[in-house]
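Visitor: Position one of the sequence shown corresponds to residue 1 (the numbering used here), numbered consecutively onward.
Hints are supplied without guarantee of correctness; some may be wrong.
[As the list claims (entries may be wrong)] If you anchor each label on the Cβ, the simulated ranges turn out as follows: (1) Arg230 <-> Ala99: 23 to 31 Å; (2) His144 <-> Arg38: 26 to 34 Å; (3) Gly19 <-> Arg230: 33 to 41 Å; (4) Val177 <-> Asp101: 14 to 22 Å; (5) Leu92 <-> Gly22: 31 to 39 Å; (6) Gly207 <-> Gly19: 47 to 55 Å; (7) Thr225 <-> Asp101: 29 to 37 Å; (8) Gln97 <-> Arg230: 43 to 51 Å; (9) Ala205 <-> Asp17: 48 to 56 Å.
Hints are computed from structural coordinates only; laboratory data are not their basis. Glycine included, every Cβ here is placed at the ideal spot set by N, Cα and C.
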Amino acid sequence: MPKYFAVKARIEGLLDDLGEGGLLPTERELAARFGVARETVRQALRELLLQGRVRRRGRGTVVAGPKLVQPLSTDSYTEGVRRQGRVPGRHLITLEQLAADPVLAAELRLDAGAAVWHMERVLLADDERVGLESTYLSVARLPHLARDFAPDTSFYAFLRETLGLEPAVVDERIETVLATPREALLIGTPPALPMLLLHRSSGDAGGEPLERVRSLYRGDRFSFTVHMDRRS
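Produce the entire structure from the sequences given, and follow the hints as far as they go.
Guide: This is the structure:
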């Protein structure tokens, strides 16, 4: 068994005793306690960080809470986070108009070069940065988005309450990626931390496209679920 793996198991025992938010001893203290080199402790902590068992707070390391479990459904991020007793939030980075490239135009059923909104927001849960969301929408369909929409609120709630629209058809695809340096800076994570990348395209009840979304979620803070029932 690799030495760091044995140290990791012993640290996991400490996590259960400390509880969520508990401060771990320093690397130096852990190395002395277990009789190993600091690099061995550092490797064990890296593994626990990637698994979401611990997280950095300032210069220290604390016990992380349970991961946010997000269902793959037509629900919004806001609804999913609220169901777990957390407070959702968003911080606007960009709201701009762009010319749709051929791929985006095809997905939104627009002419190439048509004007689209690009809205980029940092996702929050209890004021903790947990992801980054980029949404693309037709300007022709939502011409007054910049004027009427409060970007720190739920976009789906805005569609439903203001325009009587909501996603009825959703296609989603998930893959594991590493964030770019810019994305890692915005989310506040190390570039080496694995991310869950969610591609989402949704349409209304009439089948007309509503949005294309690219969402990055912290791999140490999120997991996704799908419910399937084959009963007729």
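Visitor: Could you run down the list of hints and mark each one as holding or not?
Guide: Here is how each hint holds up against the structure:
no. : hint                          : in the structure
1   : Arg230 <-> Ala99: 23 to 31 Å  : 45 Å, violated
2   : His144 <-> Arg38: 26 to 34 Å  : 57 Å, violated
3   : Gly19 <-> Arg230: 33 to 41 Å  : 40 Å, holds
4   : Val177 <-> Asp101: 14 to 22 Å : 20 Å, holds
5   : Leu92 <-> Gly22: 31 to 39 Å   : 34 Å, holds
6   : Gly207 <-> Gly19: 47 to 55 Å  : 49 Å, holds
7   : Thr225 <-> Asp101: 29 to 37 Å : 33 Å, holds
8   : Gln97 <-> Arg230: 43 to 51 Å  : 45 Å, holds
9   : Ala205 <-> Asp17: 48 to 56 Å  : 52 Å, holds
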